[in-house]
Amino acid sequence: MSNYLGNYSLYIALIASVYLIFKSYLDANSENKYLDKNFILITSIQTIMIAVSFFSLVAAFVISDFSNETVFNNSHTSKPLFYKISGTWGNHEGSLLLWLLVLSIFLFIFLLNSRSQDTKYKLLTILFQQIIISGFLVFILLTSNPFKTLYPIPSEGLGLNPILQDPALAIHPPILYLGYVGTSIIFSASLASMISGNIGDKWARHIKKWVLVSWVFLTIGILLGSIWAYYELGWGGFWFWDPVENVSLMPWFCLTALLHTVIVLQKRNSFKEWTIILSITTFSLSMSGTFLVRSGILNSIHTFANDPSRGLYILSFLFILILMSILIFFFNQSKISNTAKGNFILSKETAILVNNWFMMFFLSVVLVGTIYPIFLEVLNGSKISVGPPFYHNLLIPFLIPFLIFMSFGPSLKWIKDKLKKFNYNILIIFLVSLLISYVILTKTENSFLLSIPLIVLSIYLLLVTIKDFFVSRSSISQKISHFGFSLLITSILLNGLFSNEFNSNMKVGDERIFNEKVVKLKEVNVSDVDNYKSLKASFEVTNKNSSFALYPEVRIYQQPLTMTSEADIKTTLFSDNFLVFNILKDDGYYNVRYQYKPLMIWIWISTIFISLGGLLSVIRKNEQKY
Amino acid sequence: MSKNIKFLGLLLTLIIIFIILLKGLNVSKDYSNENLKSKIDFSLNAKKLFSDEIIIISDLFDKNSPSLINIWASWCAPCREEHQFLMKLKDMNINIIGINYKDSPKNAKNFLSLLGNPYSEVITDNDGTKSIEFGAIGVPETFIISGKTNEIIKKYIGPLTSENIIEIKNLLKKNV
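Going down the list, the sequences are from chains A and B.
Add 22 to a position in the first sequence, counting from 1, and you land on the number used in this note's numbering.
Add 67 to a position in the second sequence, counting from 1, and you land on the number used in this note's numbering.
Where hints are given, some of them may not hold.
[Unchecked claim] Lysine to aspartate or glutamate pairs mimicking EDC-like chemistry, simulated, CA-CA at most 16 Å apart:
1. B/70 with A/53
2. B/73 with A/590
3. A/170 with B/148
4. A/542 with A/467
5. B/90 with A/399
Derived from the structure by calculation, the hints contain no laboratory data.
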């Protein structure tokens, strides 16, 4: 029943989409002053149909309807309700349906929110957005229909991959998608404004909200993915430069650049072409992310249900969109009136341009690291693996000039700034940060020459952003985001510098001494919980004068048979103690990994600060930026 | 003029990237390992699914023509998909030996009675160790084994497709 409902409502949505494409194309060429009321009506019907389709899939998951192939492949009656629901988007078909739902909801909100805009511009935005929606609809219906039926109906499902049974991961895809899909509105709107020629400060003010919303969701989405990797994967890190992680980071760099550029467009009415190029690139990167993750081009040999037609479809669709946007860009370039007045070297415009250069550099490094292995394999058949050293060696040295620029760029004035007289405050802050860094660096042995300027500058930037809360005239949201960013860099650097770990095979009763701490394995308890078997170990870590217990766990799931390690992490404001164990062969030994990671929690907190700044900027309506 | 050059350059770059990614999609995901034969010991003992008899795997091979080994399980959805192709191969009088991977005998028998039994013999692999000995990394997997030398001629990871079936037919003709 829900299979038919879901399937046919998708067809109705497709018909609506085709109608809207033609209607908006025709109306955009006529001289209508007002937007036809039908647009809102049909768009809302389409949104409702897609929502019906999505919720009938959710319903199929909740009642464990195994006549649906997607449910059969990804659910099991013994799963908790929460994970049955999150199983809806934990797989390829369902996640695309979610993507589509967000796509249509965003268009609907856009229509409600852009009453004051030019009619032709609105029509063209609908046109481009509907092209994207219909592309996804056809993709889902042709290659990844979530409503395929199975007969005879199996009595039990195969289960959701247990590694995906985690609260952070359950909400991670929807949040990330909100970010990705938000960029589609920016894409459609910028192409529309290019044709209708209304790029300017008014348009910038209107599109800035969408940029901010996408950016906030993307930031939180990346944060949740990172939290999941840290707590669930049990590798003891928060970022692994995995291709799947990288594809979410690339649009983030681009969107961050766009976020700054759009402010220049709003305040100074310049950087018009650059804003459009960034909008197109951001969306292309989000789509490429979908292509890379969903086509299996990156994947290992273990993805069996790999359908090459999916990859082919997304690739063709992606390139048609990119080609379309390039054509539109080149043919309408002359419509962009260049109203930019000359800038001086020392101005906020230049500072933002420099910020953009850095973002583009970071983006290129990640892009090359992610795509180059694929290219090389095609071109000469050799397989290379690009790991963290590549990214670290290329990115970290460039953090030094980036941090310097970030410390003074935001406080420059628009158009022209003067070199101020010698500022004693800055000197005092710099000396203080030198002193703090000296104290920090004497405590560690593994410091390199490079880490000295990095630590000094990150602490300097941190102090400057704190000082800005009291003296600078810039907006509170910018202050919070920049403070969050400097806190993030400082935490990551100190975390990298002071983390240490040991790895050892232990049996019950064993003790290991590590950095003046004693780690003791006291016992291992076996028990049956819900849908898995649990082995819970009890460790005691004794410091000089205090001690605490850690209880890592190994879970053995039956459907499908998978073993996961749940690390136990003791988190304090200053450090994380991370302990994870694994079963070796049956001789009573366990492989134990203990890590000491300082300031871990500050990496999460600072990222929350970064997105909080963006969020404040969305909410505060009449915010003035200087 | 310079605008046109920019445009054409961008277009050309895009087309090249498109072609490379297109090729990348088709990079073969069939990994066949040439050195596998030295590792595999087909004289392993195994239990039959339909009787409790214990046999030596290599005794099941046809001495004069190649045999197929198919690793499957009733809980594996791709196995369900590829089952129709195995039935086709059976109709071509090809000797297929099934290895039932980490499955309950009851479910396995139900699966075969429901969808048909393409195998000349099914042996059980409750703990998955036999499949590991064969160098398998998951289910389903299919091996073609030469009858004369007991060597693996070809290995398919993942479910068989209709193209694979044609390929298998051709391979077997050559090796008879």
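Report task. Given the hint that residue 542 of chain A pairs with residue 467 of chain A, test it: the Cα-Cα distance must not exceed 16 Å. Result -> The hint is violated at about 27 Å.
Query - 16 Å limit on alpha-carbon distance, applied to hinted pair residue 70 of chain B and residue 53 of chain A - result: violated, 31 Å
Query raised in the report: Given the hint that residue 170 of chain A pairs with residue 148 of chain B, does the C-alpha gap stay at or below 16 Å?
Result: Roughly 13 Å separates the two Cα atoms, so the pair holds.
Query - Pair hint residue 73 of chain B and residue 590 of chain A, alpha-carbon separation not exceeding 16 Å - result: violated, 55 Å
Query raised in the report: Are residue 90 of chain B and residue 399 of chain A close enough, with their CA atoms no more than 16 Å apart?
Result: holds, 10 Å
Hints 1, 2 and 4 from the list above are not met by this structure, while the remaining hints are.
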